[in-house]
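Engineer: Here's the letter readout for the chains.
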Amino acid sequence: MAERCAVAGIGQTKYSAKRTDVSMAGLVREAALRALEDAEMTWKDIDAVVIGKAPDLFEGVMMPEIYLADALGAVGKPMMRVHTAGSVGGSTAIVASHLVHGAAFERVLTVAYEKQSESEATWALTVRVPFSLPLVAGAGGYFAPTIRQYIKRSGAPENIGTMVAVKDRLNALRNPYAHLRMEGINADMVMASPMLWDPLRYLDACPSSDGACAMVLTNEKNAERVMNPAWILATAMRSEPISFPGRDEVSPRAGRDAASELYLEGGITNPREEIDVAEVYVPFSWYEPMWMENLGFAPKNEGWKMTAEGATAFDGDLPVNPSGGVLSSNPIGASGMIRFAEAALQVRGQAGEHQVDGAQVALGHAYGGGSQFFSMWLVGSAKP
Amino acid sequence: MREVALVAFAQSPSVRQDLRRNEVEILTPVIAEAIRWGGVPRKEIGFTCSGSCDYLAGVPFSFVSALDAVGAWPPIRESHVEMDGAWALYEAWVRLQVGDVDSALVYGFGKSSVGDPRDISVLQLDPYYAAPLWPDSVSLAALQARALLQSSGYTERDFAEVVARSLRDAKRNPNAQVSGDFSPDELVKARYDVSPLREHDCPPVSDGAAAVVLAAGDLARKVCERPAWIAGIDHRIEAHSLGARDLTKSPSAALAAEKAGMGKGSLDVAELHAPFSHQELILREALGLGESVAINPSGGALAANPIMAAGLIRIGEAAQLVMDGSAKRAVGHATSGPCLQQNLICVLEAR
Numbered sequence: 001m002a003e004r005c006a007v008a009g010i011g012q013t014k015y016s017a018k019r020t021d022v023s024m025a026g027l028v029r030e031a032a033l034r035a036l037e038d039a040e041m042t043w044k045d046i047d048a049v050v051i052g053k054a055p056d057l058f059e060g061v062m063m064p065e066i067y068l069a070d071a072l073g074a075v076g077k078p079m080m081r082v083h084t085a086g087s088v089g090g091s092t093a094i095v096a097s098h099l100v101h102g103a104a105f106e107r108v109l110t111v112a113y114e115k116q117s118e119s120e121a122t123w124a125l126t127v128r129v130p131f132s133l134p135l136v137a138g139a140g141g142y143f144a145p146t147i148r149q150y151i152k153r154s155g156a157p158e159n160i161g162t163m164v165a166v167k168d169r170l171n172a173l174r175n176p177y178a179h180l181r182m183e184g185i186n187a188d189m190v191m192a193s194p195m196l197w198d199p200l201r202y203l204d205a206c207p208s209s210d211g212a213c214a215m216v217l218t219n220e221k222n223a224e225r226v227m228n229p230a231w232i233l234a235t236a237m238r239s240e241p242i243s244f245p246g247r248d249e250v251s252p253r254a255g256r257d258a259a260s261e262l263y264l265e266g267g268i269t270n271p272r273e274e275i276d277v278a279e280v281y282v283p284f285s286w287y288e289p290m291w292m293e294n295l296g297f298a299p300k301n302e303g304w305k306m307t308a309e310g311a312t313a314f315d316g317d318l319p320v321n322p323s324g325g326v327l328s329s330n331p332i333g334a335s336g337m338i339r340f341a342e343a344a345l346q347v348r349g350q351a352g353e354h355q356v357d358g359a360q361v362a363l364g365h366a367y368g369g370g371s372q373f374f375s376m377w378l379v380g381s382a383k384p
Numbered sequence: 001m002r003e004v005a006l007v008a009f010a011q012s013p014s015v016r017q018d019l020r021r022n023e024v025e026i027l028t029p030v031i032a033e034a035i036r037w038g039g040v041p042r043k044e045i046g047f048t049c050s051g052s053c054d055y056l057a058g059v060p061f062s063f064v065s066a067l068d069a070v071g072a073w074p075p076i077r078e079s080h081v082e083m084d085g086a087w088a089l090y091e092a093w094v095r096l097q098v099g100d101v102d103s104a105l106v107y108g109f110g111k112s113s114v115g116d117p118r119d120i121s122v123l124q125l126d127p128y129y130a131a132p133l134w135p136d137s138v139s140l141a142a143l144q145a146r147a148l149l150q151s152s153g154y155t156e157r158d159f160a161e162v163v164a165r166s167l168r169d170a171k172r173n174p175n176a177q178v179s180g181d182f183s184p185d186e187l188v189k190a191r192y193d194v195s196p197l198r199e200h201d202c203p204p205v206s207d208g209a210a211a212v213v214l215a216a217g218d219l220a221r222k223v224c225e226r227p228a229w230i231a232g233i234d235h236r237i238e239a240h241s242l243g244a245r246d247l248t249k250s251p252s253a254a255l256a257a258e259k260a261g262m263g264k265g266s267l268d269v270a271e272l273h274a275p276f277s278h279q280e281l282i283l284r285e286a287l288g289l290g291e292s293v294a295i296n297p298s299g300g301a302l303a304a305n306p307i308m309a310a311g312l313i314r315i316g317e318a319a320q321l322v323m324d325g326s327a328k329r330a331v332g333h334a335t336s337g338p339c340l341q342q343n344l345i346c347v348l349e350a351r
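Chains as they are written, first to last, in our numbering: chain A, 1 to 384; chain B, 1 to 351.
Errors might be hidden in some of the hints.
Claimed, not checked - As a list, the in silico SDA-like pairs of lysine to any residue whose alpha-carbon atoms are at most 20 Å apart: (1) 44/A / 251/B; (2) 259/B / 286/B; (3) 249/B / 106/A; (4) 259/B / 106/A; (5) 221/A / 249/B; (6) 259/B / 76/A; (7) 43/B / 242/A; (8) 43/B / 257/A.
What the hints contain is simulated information worked out from the structure, not anything from laboratory work.
Go ahead and model the full structure; you've got the sequences and the hints to work with.
Structural biologist: Structure representation (C-alpha cells):
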C-alpha cells in the first residue's frame, strides 16, 4: 500500500512578460519561499527537491538545476530535474508525489519555472535538424491544422474559440497572479485581433510569460499539520510517438488512456458529475473543447457544446480554468504545475476571488510535445 | 522498501563519432537487446524513463524522437529527466516503490560528437556570474586537480596510474573507446592540456547509449537467474558556486553512500563515474574504498564517456558483474555538474 500524499503548501510568482527584477534563481526562490510559508515550513524541513522546466534552449542554460541548487536550498539533498515538454510542470509534480507515495521521502519541494524573456521560445522551437521534421512556425503554427481538423470533424461553430478566449481572460481578472489582465475583454476585441495561424487569432493564443510555481508535497503525517491539505487522489502520465500514420492528433489516445487510468484510480465513474472544477492546459482557445472530449467530460465531437452552453464558465457546472488558465499566464515549463497547483488551491478553498464554491474534487491537466505527453492529477479535500 | 533489481543491461559500443546513425538509431538496438535479456515483454513494461540533454544535439526535445526507439504504442507510462540516465534509473526505482507497476525500462543516450562538449558544458554554469567567463569543463577540472595536488600527498603520477589501470582494464571491454597498455612514467611526459591535466587525464568525446530493465520482487526472480538487487540508492547535490566548495572533497558522494547503506557490507567492485583521473582519487576517499575493492574494471569514463549515458553505464557494469556471478556486492556511481557537484550511489547485491 502506497503512502498517502497531499499538497501542504503552494506558492506562485506574479506572472508577467518580463520579470527583470529577479534572476532565474530569484524567480524560483520567490515561488518556493511562498510554498514553504504556506506549508508553515522552512528550507530545513525539506527532504528533496524536484524541479521541472521546458527545453533548456528557452533560457540558454543547460541543465539549470545544477545552478539552481543553492537558490532552492537543495545543498546536501537529492535534487532531480524533470523534462517532458509542455506537460513538464505536471510531470514534475507527479514525480515529486511518487517520492512521497513510494515512501522515499516525507516532505518534497517541487518547483517549475520558465523565464521566457531570457530568450525566444519560437526560435528555440525552430532549430532545424538534418533528417527531422522542421517545426518552423512555433507552437501555434504546429497546432492550427489540428484545430482545423477538429472544427471540420465536430462541426463546431466558428465562435467557440473566441468564447474561450474571452472567458479565460475574464477569469484572469479574478486572479492577482495572472499575466494578462484585460479589463473589458469581449468577443469583438478577440475577432479584431490579427489572424496568426488560421483559425487562431492573436487573442486566441497564450502569452509568453516569466514565472514560477512551487508546491510542498508531504506524507499523511506531515499533511495533518496544515489546516486543509489537498489530498492527491490519483495521478496519471502517458506518452505516445509524435507521428505515425493514423494517429488521432485531435484526441490523442495517450490523453484518453491517462484520463481513464486517473478516473479508475480516483474512483470517478462520471467525471462531469463528480469533478467540481478543472484546470486544463489550454494554450490556444480551441483546445478547451478538444480536451473536454479527450478527458471524457463530453462525448466525441460535442466538447464545443460545453463551451457554447456556458458549462465551462466560472458559474457553469464544470468551471474550466477559473484562474484564467494558460491563455492568461504561460511560463511554459511552469504552466502544467500551475494547473496542478490551482486545482489544489480550489479543493483547499484558498483560491480567493476565483474560488469555485464547494469545490471538493479538482482535476489538474497538462500536455506537451505534439499533443503526445500527458500528465494529470486529481485532488480532493477529503483524505482518500 | 520494495525489492527492486536490475535484470538486464545493454549498451552500444562507445565511439568518437558515429557518423552514420542519429541518437534514435544508436538507441534502438540497445533497447531491443535490454528488452530481450530482461525477459519482460516490451508491452508489459510498466514504466519507461530516460535521461538525455538537449544541448548535446542542440535541439529542443531530444527525448521526443527517442520514443520511436521504445515503440510507445499503445501509449506508455513514461517520463524523462534532463540528467544522466542514472537519475532516470532513480526515478524508475521510485516509481516501482509506489507499488502499482512491477517493471521499468530505463535508458540514457548522448551523441556528444555533434558539438564540443567541453565548451557546451559552460552553459551549465551560473549564467550571470560564471558562464560569461567561459571556464570550460577541462579548465574547471584542472582547478580541482590543482587544489588536490596542493592539499594532499597525491602527485601527477598518481593521476597517471589511474589512467594506466583504466585503459589496461578497458582492453577487456568490447564497448570501450580507448584502451591499451601505457606506463605511468611515459604518461606523465605528455604535454599538459590544462595544467595539471593531460589529455589522457580527461574523458574521450563519445557517442553512445545504454539501457537497463528493472523488475520488482518475484518478477525479478522469475525473469533473471541472478538479479542485481538494489540494496540502496541515493543522490545528493552540492552548492554550485565553486568558491563555496572544498573541491578536493566530495561530501555529496559520501552522504549519498551513507544514505544508500553502502557501508553495511563489504564491496567487491565499484564502478565510479570519474570523467577526470584525479576525480577517482577524490571519490575513493569520499567513499572509503580500500585496496580490496576493484575500481572500474570496465575502464570507466576515461575509456568511454557518452554523456548522459556514462553514469547509467557505471550502474549497468556493476550490475552485470552481480548478474554473472563475479561479484556479490557492487556499487555504481554517477556524477553531474562541474567538479563532481552532484553524485548518485547505487548499491547492488546478489541475494
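Engineer: Each hint needs a verdict: does it hold in this structure or not?
Structural biologist: Consistency of the hints with the structure:
no., hint, result
1, 44/A / 251/B, "holds (18 Å)"
2, 259/B / 286/B, "holds (13 Å)"
3, 249/B / 106/A, "violated (29 Å)"
4, 259/B / 106/A, "holds (15 Å)"
5, 221/A / 249/B, "violated (36 Å)"
6, 259/B / 76/A, "holds (11 Å)"
7, 43/B / 242/A, "holds (19 Å)"
8, 43/B / 257/A, "holds (15 Å)"
Checked against the numbered hints listed earlier, the structure breaks hints 3 and 5; every other hint is satisfied.
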